[in-house]
Amino acid sequence: MRKSFASLALAATMLASPAVLAESIKIGFVTTLTTPAAVIGNDMKDAFDLAYEHIGGKMGDFDVEVIYEDDGFKPEVGKQKVDKLVKQDDVDVVTGFIWSHVLLASSKPVLDADKILISANAGPSQLAGKRCHENFFSVSWQNDQTPMALGEVLNQTGVKSAYLMAPNYAAGKNMVTGVERTFKGEIKGKDLTRWGADAQLDFSAELAKAKASGAEAMWVFYPGAAGGAFIRQFTQAGLGDSMKLYTVFTVDAISLPRLQQGGLDGVLGSFATQTWSPDLPVETNRKFVSAFLEKHGRYPSFYAAQAYDAMFFIRDAVEKAGAKDAASLRAAMREARSLPTRGAVTWGNNHFPIQNLYVREAVTDSEGRWTTEITDLVYEKHQDPYAAECAM
Amino acid sequence: MDMSLFLIQLLNGLQYGVLLFLVAAGLTLVFGIMDFINLAHGSFYMIGAYLCGTITAVTDSFLLGVLLGVPLTALVGYVTERSVIQTLYQRDHLDHVLATFGLILIFDTGVHIIWGAEGMAIPLPAWLETSVPLVGDSQFPTYRIAIIAVGLAVAAGLYFVVNHTKTGMLIRAGASNRRMVEALGVDIRLLFALVFSVGVAIAGASGMMIAPITEARIGMGNDIIIIAFVVIIIGGIGSIKGAFVGALIVGMIDTLGRSYLDQMMKLFMSVDAAETAAPAISAMLVYILMAIVLALRPQGLFPPKTR
Chain A
1 MRKSFASLAL AATMLASPAV LAESIKIGFV TTLTTPAAVI GNDMKDAFDL AYEHIGGKMG
61 DFDVEVIYED DGFKPEVGKQ KVDKLVKQDD VDVVTGFIWS HVLLASSKPV LDADKILISA
121 NAGPSQLAGK RCHENFFSVS WQNDQTPMAL GEVLNQTGVK SAYLMAPNYA AGKNMVTGVE
181 RTFKGEIKGK DLTRWGADAQ LDFSAELAKA KASGAEAMWV FYPGAAGGAF IRQFTQAGLG
241 DSMKLYTVFT VDAISLPRLQ QGGLDGVLGS FATQTWSPDL PVETNRKFVS AFLEKHGRYP
301 SFYAAQAYDA MFFIRDAVEK AGAKDAASLR AAMREARSLP TRGAVTWGNN HFPIQNLYVR
361 EAVTDSEGRW TTEITDLVYE KHQDPYAAEC AM
Chain B
393 MDMSLFLIQL LNGLQYGVLL FLVAAGLTLV FGIMDFINLA HGSFYMIGAY LCGTITAVTD
453 SFLLGVLLGV PLTALVGYVT ERSVIQTLYQ RDHLDHVLAT FGLILIFDTG VHIIWGAEGM
513 AIPLPAWLET SVPLVGDSQF PTYRIAIIAV GLAVAAGLYF VVNHTKTGML IRAGASNRRM
573 VEALGVDIRL LFALVFSVGV AIAGASGMMI APITEARIGM GNDIIIIAFV VIIIGGIGSI
633 KGAFVGALIV GMIDTLGRSY LDQMMKLFMS VDAAETAAPA ISAMLVYILM AIVLALRPQG
693 LFPPKTR
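Protein chains in written order, with the numbering used here: chain A, 1 to 392; chain B, 393 to 699.
Check each hint, because a few of them may be wrong.
What the hints assert, rightly or not - Ranges of calculated distance between the beta carbons of each label pair, as one might list FRET restraints:
1) 392(A) <-> 677(B): 56 to 64 Å
2) 463(B) <-> 84(A): 23 to 31 Å
3) 451(B) <-> 160(A): 44 to 52 Å
4) 661(B) <-> 177(A): 17 to 25 Å
5) 544(B) <-> 380(A): 23 to 31 Å
6) 677(B) <-> 377(A): 56 to 64 Å
7) 130(A) <-> 463(B): 55 to 63 Å
Keep in mind the hints are simulated off the structure, nothing from the lab.
Note that beta-carbon positions come from the ideal geometry of N, C-alpha and C, so glycine has one too.
The shape of chain A in the complex, shown without the other chains (with noise of 0.2 Å):
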């Protein structure tokens, strides 16, 4: 008797759900959620919650439904959390992607599926190059432009030698090669250190090393958390007298809060290169960092402009086209051409931005808080090396 209830009652739902939905999208957003690298991935949950408030929960005539997936900072848990987004929640598009090798392993489930994929903020040469794709967009940069960026910004200032660190995973590696193509100097030494939820994070070794190369300058590329360990050790050994940092990616509104509780005011003055700055002069930007901070009581990080701008980059295409299916809305994000944090951006034939990069410095805010400044432009609509291999 109690089961016939139970199946009654069970029939009466399903019978009365579709009844309740009005049309929605669904968005699928990847990030991570677990791990120390939770703080990158929370980062992101925070503005993309955000950016649906702002845009009162509607892309044109869909509700907005969003559905988040904790990557566990492996690839291979990431394509698992995309098939399920695809094939079991059937999403419209999956973004978000903090790493590199984690959008590598996943980006083939969604876009055999024809769906819309947007990286929020890795950008694997792969997906820029050869194997770019019609349904692939990039909101944040290919992983290249930042370090040439840097090794523009060495030029001018005169450095003649350097010594290179970055992780030893697919963006890692990027990012080095970007520093290289640009850097006229001498690269004295190079450390790809281990990568992944069990990260290397004591670099004892790799800085005596530098140490002894007698570089001018480091250069670094560490994300997330390793970014603080990094600037500590190298503030410790007593690096920061003889070699003046650099870095991308990695002095951010992740690493300072922890910094300055640590107390390590070697990183105020560093120099880093960036597609956006906290202060960055752009209406739609003044009005983020402010409702971001007003909320959280922090600055957004770079990762967070980003999430926030993919879902104002899914609505002005959903609102633009009309529809949400794959063929309208790649036709709509080909003729983007801005996104709220950065203002006026266009898009490559490979579908990733061509934007300005910045010179942004670690500064403390008039309320005494670490932050980062623009200080110079150092590439003006800078598109990627690789969209020549694109063939679209």
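Position chain B against the provided structure of chain A, taking the given hints into account.
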């Protein structure tokens, strides 16, 4: 070869080895004496770091953080032993692994809930943030010297307690033949709780030592526990001496591998291939050593005498 750089790398290797020893010491005692596999041993390394970080943040003194953090971590260990671990001694190894893996998840999630996902930076007092000059113009961070000093002091203390006190005699006896010790009327439950808590306290201290360098973060113990198991397998399970020698060997191999392997590999392969392969192979070296030890001397280099 640059001798002063080599000396610095040896010190770096020693520092890493000493740190590994602090984790491996408790693991090998618990495994050797109680025949208990404690995968969650690394969690106490993490909890030690977080407790120390919290106390340091409140009192503004790292020294106080360590002095209060160590007994607090030991207390967490004691409570865990009394409430969960002691019911597992009679079970087989698979149950140990399953239960302590569950403990890892509980501790990791607990830390996530209490302290958040973003990790914790621990500021050092100014006198530890400096470097000391070595030969020539090379320098070495004072703090890493302090880690070496503390680690060696703990090793000496353990050596003294285990080899020259009555408790130590019981511990050694327990490692050799647990049943016999029980039969002689020793309160084995108390001995187990004591050994477990001391092991936990040392692991916690190790976490406190490393946290100012790498920051305290969730899962930090899970990375080191695997290497700690490698150390005790190489050294011989249950042996403090084995754990010490094994930890130093592993520390040296890891550090020197990271320092010189890429240069060595560049001699016979392309620069690009060497740069990519060297970090992967240097990460594998300690496991290769473990495989060799297991093949040639499965009981480890310094197994405890007679079982």
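- Query: What are the numbers of the hints the structure violates, in ascending order?
  - Reply: 1, 2, 5 and 6
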